[in-house]
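Here's the letter readout for the chains.
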Amino acid sequence: MSPVLCANYPTDHKAFVRIDVSLRIYWHTLFDICPELLELSGPDGMSIFRPFMAWAGEKKLAFDWSYYLWVYVWLRQSPFKDRLLADDKYLRSIMAASAARWAILDRGRDCGIVIGCADTKNLVIGWKCRSVRLGREIELIEPEEPLPAPPDIFGYFTLQSFELDIFPGWQSLAR
Amino acid sequence: MRLGFNFTLGDTYDMVQRLIAERHIDYCEFLIDNFFCVDPNELAKAFDCPIGLHIMYSKFLEADRPMLVDFAARLRDYIDALNPIYVSDHILRFSHEGRAFFHLGEIDYSAEYEFVRDRVLQWQEIVGQRIHFENYPSIMDGGREAPAFFERLMKETGAGVLFDASNAVCSNRNCGTPFEAWRNVIAGAQHFHVAGYRNSLIEPFISLDTHAEALAPDTLAFLENFRSVFDKPGATMTYERDDQIEFDDIVADLKLLRNLFGEPEERRHDLALSA
Chain R
0 MSPVLCANYP TDHKAFVRID VSLRIYWHTL FDICPELLEL SGPDGMSIFR
50 PFMAWAGEKK LAFDWSYYLW VYVWLRQSPF KDRLLADDKY LRSIMAASAA
100 RWAILDRGRD CGIVIGCADT KNLVIGWKCR SVRLGREIEL IEPEEPLPAP
150 PDIFGYFTLQ SFELDIFPGW QSLAR
Chain V
0 MRLGFNFTLG DTYDMVQRLI AERHIDYCEF LIDNFFCVDP NELAKAFDCP
50 IGLHIMYSKF LEADRPMLVD FAARLRDYID ALNPIYVSDH ILRFSHEGRA
100 FFHLGEIDYS AEYEFVRDRV LQWQEIVGQR IHFENYPSIM DGGREAPAFF
150 ERLMKETGAG VLFDASNAVC SNRNCGTPFE AWRNVIAGAQ HFHVAGYRNS
200 LIEPFISLDT HAEALAPDTL AFLENFRSVF DKPGATMTYE RDDQIEFDDI
250 VADLKLLRNL FGEPEERRHD LALSA
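As they're listed, the protein sequences go chains R and V.
0 is the number of the first residue of the first sequence in numbering that gives the first Met the number 0; add one for each residue after it.
0 is the number of the first residue of the second sequence in numbering that gives the first Met the number 0; add one for each residue after it.
Hints should not be assumed to be uniformly reliable.
In silico SDA-like links for lysine to any residue, alpha-carbon gap of 25 Å or less [claimed, not checked]:
| id | chain 1 | residue 1 | chain 2 | residue 2 |
| --- | --- | --- | --- | --- |
| 1 | V | 58 | R | 80 |
| 2 | R | 59 | V | 217 |
| 3 | V | 44 | R | 136 |
| 4 | R | 13 | V | 44 |
| 5 | R | 58 | V | 209 |
| 6 | R | 13 | V | 217 |
| 7 | V | 58 | R | 7 |
| 8 | R | 80 | R | 53 |
| 9 | V | 58 | R | 159 |
| 10 | V | 58 | R | 138 |
| 11 | R | 13 | V | 209 |
| 12 | R | 59 | V | 41 |
| 13 | R | 58 | R | 7 |
| 14 | V | 58 | R | 109 |
| 15 | R | 88 | R | 138 |
| 16 | V | 58 | R | 164 |
| 17 | R | 13 | V | 79 |
| 18 | R | 58 | V | 44 |
| 19 | R | 58 | V | 217 |
| 20 | V | 58 | V | 44 |
| 21 | R | 13 | V | 141 |
Here are some, though not all, of the chain R residues that point toward chain V, as calculated from beta-carbon distances under 7 Å [stated by the list, open to error]:
| id | residue |
| --- | --- |
| 22 | 9 |
| 23 | 13 |
| 24 | 16 |
| 25 | 17 |
| 26 | 24 |
| 27 | 110 |
| 28 | 119 |
| 29 | 121 |
| 30 | 124 |
| 31 | 127 |
| 32 | 131 |
| 33 | 132 |
| 34 | 133 |
| 35 | 134 |
| 36 | 138 |
Pair by pair, the computed Cβ-Cβ distance ranges are [what the hints assert, rightly or not]:
| id | chain 1 | residue 1 | chain 2 | residue 2 | range |
| --- | --- | --- | --- | --- | --- |
| 37 | V | 64 | R | 31 | 31 to 41 Å |
| 38 | V | 96 | R | 27 | 16 to 26 Å |
| 39 | V | 254 | R | 168 | 51 to 61 Å |
Hints were generated in silico from the structure; no laboratory data involved.
From the three backbone atoms N, C-alpha and C, an ideal C-beta is built for every residue, glycine too.
Let the hints inform the model, and build the full structure from the sequences given.
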């Protein structure tokens, strides 16, 4: 998964292209969905993508729906930290992207996921498809009475109906 | 040959209705696990045509039995409500050593046959239904072993193959799997997929199953050369389009398929009655 290791393969070999194709999916999954991040990195995204993927490999991240949230965790301890925290559009985009990815990939019985972050009082909810005429839906909630902040940078809980009517406490992200 | 269209989410609902109304398609294929939070009765009433059910994320090679039992219980509600023409799934890897792939991972056909066979038997037993498994658009040379793998799998498990013609074209272009090697698989299959593909961005080019382009000339030539092997009573072919979804482009491809295979038996009967 490391873009650096890709260089171990000759570029005129199909195996190199196979790895390149796979890595591009990770790149596009990040920057097509959160294009704001390219403002931080420059247009090729590589100053974020390469070190993040190497860090994610070291941490043995699962690369599940929380992919984007871990990018934020990495950015927060990177040279991009000050610019990242200066504008909450990055965080909004990242939380929405992870909520959407959960709604796309999760096949459990839950209907929605609520994501919270220690850097904002706002919540993002991802809803699975609830009608044949609809897609998945992402909602930004600005609660009148904020929930307690998650103990880690991010926390989440899932909803068993299409109502936000519970707060069972925050779950930490799995690696 | 009945022609269908893949319905993956609500944003193509109106277009699929139009494809049905204008008789460009004869059935619709739901990517069913995308709709597991939708009432089965709502899905059953969604389209006035027969339905196929295609599973994307059962992960039956990787998931433990309780997860599969729960997935199958929900799937069963849709099978009972929609009485589908077929139920199909994928033989894929979704992760490696606990890390999720963002692409779909091809299995090792020679090393994993027994494991996959046992999992296929288990999965069909849990669902309580014959399942048709889709072939992969191979890139690496191991793809040459896929035809014999699927042929043996059909014989030893009673499963069907959902034969994706354009995946076989990608496999032919990428690793040289001969079309002829698929003859017995195609002859034994009743349900098919077809779609566009494109080349990778860098050389040496590999062909990627993207579902975003028009049908390629070599895909159409493959269908034409094997037309009599594909076409059989009850056969279905789903045209897949997941990106660049333009009604006129899709209809143009569907017309090519209709011209190639002719009106399906049921439709010919309808036409005779209306005449």
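Right, here's what the structure says about each hint:
{"no.": "1", "hint": "58(V) x 80(R)", "verdict": "violated (37 Å)"}
{"no.": "2", "hint": "59(R) x 217(V)", "verdict": "violated (42 Å)"}
{"no.": "3", "hint": "44(V) x 136(R)", "verdict": "holds (23 Å)"}
{"no.": "4", "hint": "13(R) x 44(V)", "verdict": "violated (47 Å)"}
{"no.": "5", "hint": "58(R) x 209(V)", "verdict": "violated (31 Å)"}
{"no.": "6", "hint": "13(R) x 217(V)", "verdict": "holds (21 Å)"}
{"no.": "7", "hint": "58(V) x 7(R)", "verdict": "violated (31 Å)"}
{"no.": "8", "hint": "80(R) x 53(R)", "verdict": "holds (18 Å)"}
{"no.": "9", "hint": "58(V) x 159(R)", "verdict": "holds (22 Å)"}
{"no.": "10", "hint": "58(V) x 138(R)", "verdict": "violated (29 Å)"}
{"no.": "11", "hint": "13(R) x 209(V)", "verdict": "holds (18 Å)"}
{"no.": "12", "hint": "59(R) x 41(V)", "verdict": "violated (42 Å)"}
{"no.": "13", "hint": "58(R) x 7(R)", "verdict": "holds (22 Å)"}
{"no.": "14", "hint": "58(V) x 109(R)", "verdict": "holds (18 Å)"}
{"no.": "15", "hint": "88(R) x 138(R)", "verdict": "holds (15 Å)"}
{"no.": "16", "hint": "58(V) x 164(R)", "verdict": "violated (31 Å)"}
{"no.": "17", "hint": "13(R) x 79(V)", "verdict": "violated (45 Å)"}
{"no.": "18", "hint": "58(R) x 44(V)", "verdict": "violated (47 Å)"}
{"no.": "19", "hint": "58(R) x 217(V)", "verdict": "violated (44 Å)"}
{"no.": "20", "hint": "58(V) x 44(V)", "verdict": "violated (28 Å)"}
{"no.": "21", "hint": "13(R) x 141(V)", "verdict": "holds (13 Å)"}
{"no.": "22", "hint": "9", "verdict": "violated (10 Å)"}
{"no.": "23", "hint": "13", "verdict": "holds (6 Å)"}
{"no.": "24", "hint": "16", "verdict": "holds (5 Å)"}
{"no.": "25", "hint": "17", "verdict": "holds (5 Å)"}
{"no.": "26", "hint": "24", "verdict": "holds (4 Å)"}
{"no.": "27", "hint": "110", "verdict": "holds (5 Å)"}
{"no.": "28", "hint": "119", "verdict": "violated (26 Å)"}
{"no.": "29", "hint": "121", "verdict": "violated (24 Å)"}
{"no.": "30", "hint": "124", "verdict": "violated (14 Å)"}
{"no.": "31", "hint": "127", "verdict": "holds (5 Å)"}
{"no.": "32", "hint": "131", "verdict": "holds (4 Å)"}
{"no.": "33", "hint": "132", "verdict": "holds (5 Å)"}
{"no.": "34", "hint": "133", "verdict": "holds (4 Å)"}
{"no.": "35", "hint": "134", "verdict": "holds (5 Å)"}
{"no.": "36", "hint": "138", "verdict": "violated (15 Å)"}
{"no.": "37", "hint": "64(V) x 31(R): 31 to 41 Å", "verdict": "holds (36 Å)"}
{"no.": "38", "hint": "96(V) x 27(R): 16 to 26 Å", "verdict": "holds (23 Å)"}
{"no.": "39", "hint": "254(V) x 168(R): 51 to 61 Å", "verdict": "holds (57 Å)"}
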